[in-house]
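There are 2 protein chains.
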Amino acid sequence: MSSTRVHASMDTAMAALDKEKWKKNIHVLSEKLRKFPGLVWQKIGKVGRDDPRRIVHALKVGLSLTLVSLLYLLEPLFEGIGQNAIWAVMTVVVVLEFTAGATLCKGLNRGLGTLLAGSLAFFIEFIANKSGHVFRAVFIGAAVFLIGGAATYMRFFPHIKKNYDYGVVIFLLTFNLITVSSYRVTNVLRIAHQRLYTIAIGCGICLLMSLFVFPIWSGEDLHNTTVSKLEGLAKCIEACVNEYFSNPEQEVAQDKLCDDPIYQGYKDVLDSKSRDETLALHASWEPRHSRHCRYPWQQYVKLGNVLRHFSYTIVALHGCLRTEIQTPRSVRVLFKDPCMRVASEVSKALMELASSIKNRRHCSPEILSDHLHEALHDLNIAIKSQPRLFLGSKKNQASNMLALQAATQANHQKHEKDHHGVSLSSVKTDSSALLEWKNKRGNEQPKENPERKTLRPQLSKIAITSLEFSEALPFAAFASLLVETVARLDNVIEEVEELGRIACFKEFKPGDEVVVDCETPKIDVTQNYLPSYGAD
Amino acid sequence: MSSTRVHASMDTAMAALDKEKWKKNIHVLSEKLRKFPGLVWQKIGKVGRDDPRRIVHALKVGLSLTLVSLLYLLEPLFEGIGQNAIWAVMTVVVVLEFTAGATLCKGLNRGLGTLLAGSLAFFIEFIANKSGHVFRAVFIGAAVFLIGGAATYMRFFPHIKKNYDYGVVIFLLTFNLITVSSYRVTNVLRIAHQRLYTIAIGCGICLLMSLFVFPIWSGEDLHNTTVSKLEGLAKCIEACVNEYFSNPEQEVAQDKLCDDPIYQGYKDVLDSKSRDETLALHASWEPRHSRHCRYPWQQYVKLGNVLRHFSYTIVALHGCLRTEIQTPRSVRVLFKDPCMRVASEVSKALMELASSIKNRRHCSPEILSDHLHEALHDLNIAIKSQPRLFLGSKKNQASNMLALQAATQANHQKHEKDHHGVSLSSVKTDSSALLEWKNKRGNEQPKENPERKTLRPQLSKIAITSLEFSEALPFAAFASLLVETVARLDNVIEEVEELGRIACFKEFKPGDEVVVDCETPKIDVTQNYLPSYGAD
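So the sequence lines, in the order shown, correspond to chains A and H.
Okay, so the first sequence: first residue is 1 according to the UniProt record's numbering, each after it adds one.
Okay, so the second sequence: first residue is 1 according to the UniProt record's numbering, each after it adds one.
Okay, chain A solo, but in the shape it has when bound (with noise of 0.2 Å):
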């Protein structure tokens, strides 16, 4: 009886909290449909201040829509095109793309595949129209399995499917719409006539718009994309020896790597063959649009594939300083000035490559100075002047540096402690963890336990950290890769100079080595390749 009383006064007692529970989701829901549309209105913004160029294309979409719409509107205009003046309005929803390059590969493609479907399409007809209506239908299904298997048979070859699949999409349209009509329209002439002539105008205005009112270029993004990887690698690379360096109470904030700066710096160049590799099909297409002698695209994209090479150092040197073992900061003390030297230099170099990309001209002379020559040097001096370091086996010294390693993380563990409130230390470093995660493993169902992987001690990191490790295998990895930046540095500075001897740079003038680092905001370029429809 009074367990029942308990019961029931708990159920009102939960009644009034599931009451409480939901006034207050109303509450937050209604402020959230508040806050709503002002959240709507500044993504809507954001998305056009971040590359002001989409409302301009927008703006041109919206003009050469009821621009082709006219055709239909207007009486007189009408009465010269008829019906099928909307085939018009349909080619301009679907050819016009965001720059002149894609525009004129798209435009380009639809008119020589509706024009080459038309003349197939006329010869299958005049082989049809000999025969009876039965034998017709079957012939004109024949036609359409053969063309329609072949064609998209033939969207798989590489080359094929790199420059003219769009239009063999449109050839394949077109063929169908003909052949099939072709049963029951006598005048089949004047559908394919009307069709190329509407397609025509379509395109037409695409092509007006896309070059003579505001033309974006695929090559200038091209262009100042380069530039901008080009800038992005050199402050990465500063930033990861300065962070290498840095004191460790710095670090902590930095522990998600999306929120990197340096992993920033990089993510670009890493990301950017097949965006790379879109621009330069388009700005191939693009006709001349500068003083400048022509438009080196494909070496773009090799300078791309060396910089990504680049890269893939800086991601290298990045993990240095997150690897398990870590060589103890009083030690990389001792070779802080030269290698944050020879890191300057380098950025330095990469900066100078940039600007020279960005004003088109050659490149300094002076690019790769004695001061790099000069950093390398030192920094070979301090490694060779601390040879002890390189030792592991001197049993006492190791254990000193191990003892101040311990301090350094006992610190850094504290200030962790403080800013999360997480303790760390629970994380065993011996290899007894091994055994006794794998003992519990062995038991437990894995099914049954979704907290498996939290619990689970990293295991190889435990295997890793158990070994004493001479500390200085870090360093001298860290040493060896930003040495290996230099050797790649080369690369990158032969192709920037092939591509300023191949799009004639200008001659370089003492006093442009002058880097002034205006900062512009950076565009994000990917956001603005739409992907590409509209066969019709």
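Since the list gives no way to pick out one identical chain from another, each pair is judged satisfied if it fits inside one copy or across any two copies.
In the BS3-like style, the derived pairs of lysine-lysine whose C-alpha atoms are separated by at most 30 Å in a straight line are:
1. LYS302 - LYS46
2. LYS24 - LYS43
3. LYS46 - LYS273
4. LYS46 - LYS161
5. LYS267 - LYS43
6. LYS162 - LYS32
7. LYS384 - LYS348
8. LYS302 - LYS235
9. LYS43 - LYS162
10. LYS162 - LYS273
11. LYS35 - LYS19
12. LYS46 - LYS162
13. LYS235 - LYS267
14. LYS384 - LYS336
15. LYS161 - LYS43
16. LYS302 - LYS43
17. LYS267 - LYS161
18. LYS162 - LYS302
19. LYS509 - LYS235
20. LYS235 - LYS348
21. LYS358 - LYS273
22. LYS273 - LYS161
23. LYS161 - LYS35
24. LYS235 - LYS358
Treat the hints as calculated values from the structure; they're not laboratory data.
Start from chain A and add chain H according to the hints.
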């Protein structure tokens, strides 16, 4: 006079030579023409052999097109649908994609876009209907401009671009079609209605074909590429360490990066980002197509990211094989055994992960075996037992090692000469070349010397090799990176376990761990993903 005769005789000789040349050219050309059909045939065959599903897809497209043409060709069907049956044909051309997921994504987008555009167009029509002829034209023009601009702007929103871009394009197309037509056609309801159901018929045929006739799943592709990426990395890491410790004679042939099997191994992983994301997007549209609980496409993308990060370390490791300062082979040999064992254990673990994903079962709890731990331990001991190697300053010993290295290099060069007939001895290895190059460059005119690139010695490489860095430095980097791969392996294992948990993999049974590498031919799925077009 005699000089004229000489000239004349030279002219006849030249003419004879020219004729000879022409004949030869024509012969070469005719030979090429004769071989051309064979080559084309070979290429056509290769596309199909690379992935036979391409043939299936081509046949499916042909069949669907024929089926949909029947709507137009068969009398009773045509009676019901009429002239606009052609829209169904168009829908099939543009919606039927290689995989089921992509087809579903496009089909549903197309349906949704058409529906929305139809509704909006009716609303506009409703308003415009009540006004005069001229006002109506202006109103339609304004609506086309506004909706065109707004829809295009919307396409730049990342979320819409990723999921609904095609839908927005179709919306715009249908909206324009109906609104503009409504100016001349009285019964616009019929157009909209017909368009909607012909498109529905087209989409229906496409979905039937892609879901029930030899379906090709994006999810399966994502699964298989993940397995082959893991296998590629496993082979890559072993090949890398093998090459590092192999004899120099075997290396000579692999001087071009693109022919390098190691490069081939990780290249796929590096370039996989956009392909993985597309596959995952399409997989997310696919219905549950197997008895497994649900398709964790997002987890595959995460695993792909971790694998890419893993492969950056391998790129750096690979860089160690080609760096300028090399640890002499006599020194490397001292560490050969433990390094090879670490690499083979890492490789074994990756293979086990690959087979675990391939067979959809949890991976062995023994995946990080004691062997790995032992191998790391031995590597540590080996490094500690050779402290003198990490000493760069002991003059006599350093020069000893340099002499050794010089001898090795001379040997190496001799081999290269034998193979290529190219002498490398002209490359200056002292820093005087630096000065020389600078002087040369200051004087020359860049435009007038196209060969400058080949003349120029590799500048910073000179700077690096002229310094006598401790030769142990690059080995330390190599060892450190190898240890780093073990640390990163942990992240890979974690993500694979998470994948196993989400995708409800089978329990691991003892006996499963036998890694059978059946060496299935690798399919390059990249080539399968045709760009998608296809408004109508």
